[in-house]
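The whole structure should be built from the sequences, with the hints applied where relevant.
From first to last, the protein sequence lines are chains A and B. Numbered according to this note's numbering, the first sequence terminates at residue 90, and the numbering increases by one at each position without gaps. Numbered according to this note's numbering, the second sequence terminates at residue 401, and the numbering increases by one at each position without gaps.
Heads up, none of these hints are tricks.
Here are the computed lysine-lysine pairs in the DSS-like style, where the Cα-Cα straight-line distance is at most 27 angstroms:
no.	chain 1	residue 1	chain 2	residue 2
1	B	LYS136	B	LYS59
2	B	LYS73	B	LYS376
3	B	LYS276	A	LYS64
4	B	LYS267	A	LYS28
5	B	LYS314	B	LYS29
6	B	LYS267	A	LYS79
7	A	LYS64	B	LYS351
8	B	LYS148	A	LYS80
9	B	LYS25	B	LYS65
10	B	LYS323	B	LYS276
11	A	LYS28	B	LYS276
12	B	LYS176	B	LYS148
13	B	LYS148	A	LYS55
14	B	LYS361	B	LYS61
15	B	LYS177	B	LYS59
16	B	LYS32	B	LYS73
17	B	LYS6	B	LYS25
18	B	LYS73	B	LYS28
Since the hints were derived computationally from the structure, they do not count as laboratory data. These figures come from a predicted structure and were not determined experimentally.
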Amino acid sequence: MSYEITHTIDARESYCPGPLMELVKTIKQMETGDVVSLLSSDEGSVVDIPAWAEKANHKMLEIKEDDGFRRFIIEKGEKKERRRRRRSEE
Amino acid sequence: MSEEIKIVVIGAGTGGNMAANHAFKDMKKTKKSYTVTIIDPTFEHVYQPGFLFTSFGAKTKTIIKDSRKMLKKGINAVMDKVTIVDTENKLVKTDKSGDFPYDYLVLATGARMATETAEWWNEDIHEFYSPKGAEKLWAALQKFEEGKVVVSIADLPYKCPPAPVEMSMLLDDYFKKRGIRDKVDIIYTSPLNRPFSIETTSSRVEGYLEDKNIDVRLLFNTDYVYADEEEGYAVESMEGEEVEYDLLIMVPPHRGQQFIIDSGIAKGQGWIPTNKETLEVNGQENMFALGDCTDIPTSKAGSTAHYQSPVVGKNIANKVMGKELALYDGHVQCFFLTEFGKSMFINFNYKIPPPPTPTRKFWWLFKLAFKPLYYKFLVPGHFHKTIEFFNIKVKDWQNKA
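Okay, here's the thing in structure tokens:
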């Protein structure tokens with residue numbers, strides 16, 4: 001799979017606030033199409049990260065197993081439309 | 001390096017005060033001549049865990065003290081605003097008090113509330129992250145008779161990850177005591193797919209929220225707040241959901257200090273890139289950072305600053321003596337209020353999560369006793385060895401089980 005990583009987060013050994021919070025924080029500052037690599041040693045991430053990516057319209061490109069941690073590669077998707085924006089277009 | 005070693009600390013919150021006291025004590029071991037100077041614009045030391053109490057009627061004056069009274073004798077206190085750090089010439093420049101050269105610099109500059117970064121923020125949104133905000137919330141709560149109260153989070157990161165969950169549970173208790181709980185819906189929005197970030201603690205919290213009939217919306221990251229008659233009153237998430245409110249309590253957006261960005265020490269939101277173990281600032285010489293101002297992936301909390309401060313003190317002395325640096329292990333501990341009268345206690349580090357311990361009256365009483373201990377002994381550094389003796393260590397409960 002080919003992609004260019006534009007942002008990296010090392011959230012290994014982070015329990016609080018944890019890898020997903022680090023990811024949300026970073027993705028908010030990224031542009032659509034940017035790719036982030038997140039390292040997490042938290043077992044919960046394998047459920048949390050894909051669930052959030054799907055709900056927030058981001059693309060889960062890859063999950064790689066490594067030595068005691070996982071590497072999640074996520075591409076920022078188009079922002080979901082706001083009600084106000086939708087109304088103004090009607 | 002000049003003969004007299006100059007240590008400058010910026011910020012007199014928990015981290016700055018404690019780091020200054022530790023550095024002042026630990027530098028004695030070097031047998032060199034040194035000065036410790038701490039610079040802060042107000043020296044008003046706010047006991048921030050107290051906001052959960054002032055939001056429900058406790059007096060603000062009980063949580064603000066003059067931090068100069070908590071400094072060891074011999075530390076110079078300068079009340080002024082830092083305008084820039086000249087890292088090349090190792091100078092801290094202030095608004096009115098001139099320049100302060102340093103050999104070692106400690107940044108304990110905290111997080112500022114940055115409501116101006118949210119285009120939708122308005123004065124009817126309540127917050128409990130400032131003395132005035134908590135007082136204003138208390139005034140609004142007393143007038144609230146029925147409707148939807150939403151507790152939400154504007155942006156990440158924010159201080160004290162348990163605080164919005166605690167607020168939701170205390171609201172339940174407050175409205176029950178007023179006898180109007182059946183007329184009030186409490187809605188808590190979590191950025192995660194569980195109510196609290198740490199799974200072991202969250203498993204307990206889920207049960208408490210359910211028992212209290214608090215409506216939890218998961219994977220909800222605030223994107224916009226509607227607040228007018230035409231559009232209605234609602235919070236919209238970046239995941240595309242909406243919750244309506246009659247009273248909105250929002251954790252405000254947090255940012256690092258502008259002069260840190262202007263000095264070239266940090267970029268973006270202004271969080272200082274910091275080595276999570278040695279607490280050295282990345283890319284800078286003889287500079288340390290601790291507490292809320294860093295980019296370390298752990299809780300922004302007074303407890304974090306508390307456990308980081310001895311590492312900073314030791315590491316300045318160790319650098320002077322050419323010794324190996326001490327390492328911060330990620331130790332954080334905090335109370336997690338579930339109602340007025342009961343609290344959980346969570347204690348963890350980088351390697352070990354907190355055990356799923358239940359809420360207890362004991363921890364509530366401990367929380368109440370903690371504030372005077374904090375002001376009289378912990379921050380001033382009195383009886384430090386005794387306090388460390390009674391310190392609750394992180395136990396490897398998983399492997400033991």
